[in-house]
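Residue strings, one per chain:
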Amino acid sequence: MEQVLKKRKHSKINKNYYGYIFTAPFIIGFLLFSLYPLVYTFYLSLTDMTLMSKSYKFIGLGNFKKLFEDRFFIQSFLNTWKIWLINFIPQIGIAMLLAVWFTSTRLKIRFVGFWRTIFYLPNILMPATIAVLFFNLFSYYGPVNQIGVRIGLFKDAVDFFRSSAWTVSIVAFIQWWMWFGTTLIIIMAGMTSISPSFYESAMVDGANSWQMFTKITLPLLRPVLVYILVTSLVGGMQMFDIPYMLTDGRGSPNGSIMTMNILMYMKFSSNKGHIGAAASVGVMIFLVTSISALVIIKLLKEKESKREIKRINRGVEGYELHG
Amino acid sequence: MNYTVKTKIMRAFIYFILVILFLMCVVPLWILLVNATRSTPEIQQGVSLIPSKNLLVNWRNLTNRGFNIWRGFFNSALISVSVTVLTVYFSMMFAYAIHVYDFASKKFLYSFIILLVMVPTQVAIIGFYKYMSILNLLNSYIPLIVPAIAAPSSIFFAIQYLESTIVKELIEAARIDGCSELTIFHKIMLPIAKPGAVTMGIFAFVGSWNNFFTPFVLISKMEKYTLPMLVQTLRGDVYRTEYGSIYLGLAVSIIPILIVYILFSRYIVNGIAMGSVKE
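Protein sequences, first through last, are from chains A and B. Using our numbering, the final residue of the first sequence is 383, and nothing's skipped along the way. Using our numbering, the final residue of the second sequence is 688, and nothing's skipped along the way.
Keep in mind that the hints were calculated from the coordinates and are not lab data. Check the hints yourself; a few may be wrong.
What the hints assert, rightly or not - Cβ-Cβ distance ranges computed for the label pairs, FRET-style:
{"id": "1", "chain 1": "B", "residue 1": "Ala486", "chain 2": "A", "residue 2": "Ser164", "range": "21 to 29 Å"}
{"id": "2", "chain 1": "A", "residue 1": "Glu260", "chain 2": "B", "residue 2": "Leu487", "range": "48 to 56 Å"}
{"id": "3", "chain 1": "A", "residue 1": "Phe171", "chain 2": "B", "residue 2": "Thr574", "range": "25 to 33 Å"}
Stated by the list, open to error - From chain A, some residues computed to sit far from chain B (all C-beta separations above 10 Å):
{"id": "4", "residue": "Lys75"}
{"id": "5", "residue": "Asn76"}
{"id": "6", "residue": "Tyr96"}
{"id": "7", "residue": "Asp108"}
{"id": "8", "residue": "Ser115"}
{"id": "9", "residue": "Ile119"}
{"id": "10", "residue": "Gly153"}
{"id": "11", "residue": "Arg166"}
{"id": "12", "residue": "Trp175"}
{"id": "13", "residue": "Leu181"}
{"id": "14", "residue": "Ser223"}
{"id": "15", "residue": "Thr242"}
{"id": "16", "residue": "Met248"}
{"id": "17", "residue": "Val290"}
{"id": "18", "residue": "Asp301"}
Unchecked claim - Covered stretches of chain A, as calculated for chain B (at least 3 residues, CB under 8 Å):
{"id": "19", "stretch": "192-200"}
{"id": "20", "stretch": "321-331"}
For every residue, glycine included, the Cβ atom is placed at its ideal position computed from N, Cα and C.
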């Protein structure tokens, strides 16, 4: 009997090696299909490899040196940030406003589920379709001009895709249009997980809704906002589909919507197929994104710990120093 | 009194904004669907919100010029279904391991997944391309399907989902009954986790169905084109003035997703919140 018990206990402990077996497919897949290509991209970025020639040589940081002297790279870097910021700021602003309205117990907005479902809809559509659709909607003889001229919004039809300002705005608008619903849903999930007792006691203390928003909602929402900021940044820095398909695939007009990813593709698909140079753009996107994400996380975390120290010093909430 | 009047005005204003946003989301798609049924002269004359009768002519025009929509559909469906199956199965397996077993690298793997969700992945495409060309896998679907085994965002979702779904007592009981670990995962865990698996599956499917960049870089043979790649050809010279056919091509590409969305929108909208960081 004792032996049986011992055996059972032994086998139960032993089962834990299944943890490795069950996670092995991911680890192998990750090493083969994610990590290795990434490392290989870093390696290629240090060579002058092209698609056409068989041999290549190691040229150190030559590609990067060229990139920093390349007007197009600087432009694509600025474009990517510009388009991302123009879309992200209204995106988080409007999503936040809608989330406050939808969760307000005073306003009692109806059909919240319906509105959210509709606002998320653009996100699920094929970016290729959206790009070609908006190209047609905003084309010279397209519906936007037809309506705009008829109702007197424009004097004459506007050639949207010959104007850098219009084209950048349209790309940013499409990105906003595709993502504000997602952001809204995530913020709402964060808001509804805040305990109502915070608001109740604030109301007892006579706080108005603005005070409650800035003193309770925003601080408690910070992790969610960091998540949205970082994931949006990661996506935004890799922006390709919409700006690529909206105009000629080279960021026209005047390279105004040439993102870093488009530049990478242009180098890759050029006549000679500059693999090395394209890889160096990829490495730059990787570094820019990772460093920005780390800075965001670090900055927002630091603020949090400082605020905590203040709280402890004031002793308002009875924090335990050793906790 | 004053307070309620203020609330009412505010409410009216909010509904006004909501209706505008509603129109912004729906009107472009409605124009797309309506224009798919109109002839080119009709489309050039002006905007209409009422369908016309040119659907069949547009369809003939569309399919006569090498736009092999069924082929594209088949290719995309083949890839997306395979990706969905692999992603759901292996992500669940990973998440299950994290929750059920105590092994040394568990904590590390969990933080690693969170890190990976935030790492840009498309940037390694050049290395991936070269690597696949060495393995002679360009113009093959293997590089589009097999990497789905390692999908960090799905795993992250699965970990969050399983946290509240796993019943440890049930697993213990099955062990005492002599079930193997793999049987427990298949026969007990997967059925319980079905709703989460459906949500994950929808996201994996939609992501793969809509993916343009990876197949665009890796695939060059026309007969292997996926649907987004075919849609992209609608921008080209072949259809320059055939607006009705262009809109029809676009409509066909999004109708399957629209149907999926109408059927499963509840799963999808709830799933987004679950797949994100809350704490």
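Hints breached by this structure:
Checked against the structure, the hints that fail are numbers 1, 4, 5, 6, 11, 12, 13, 15, 16, 17 and 18, while the rest are satisfied.
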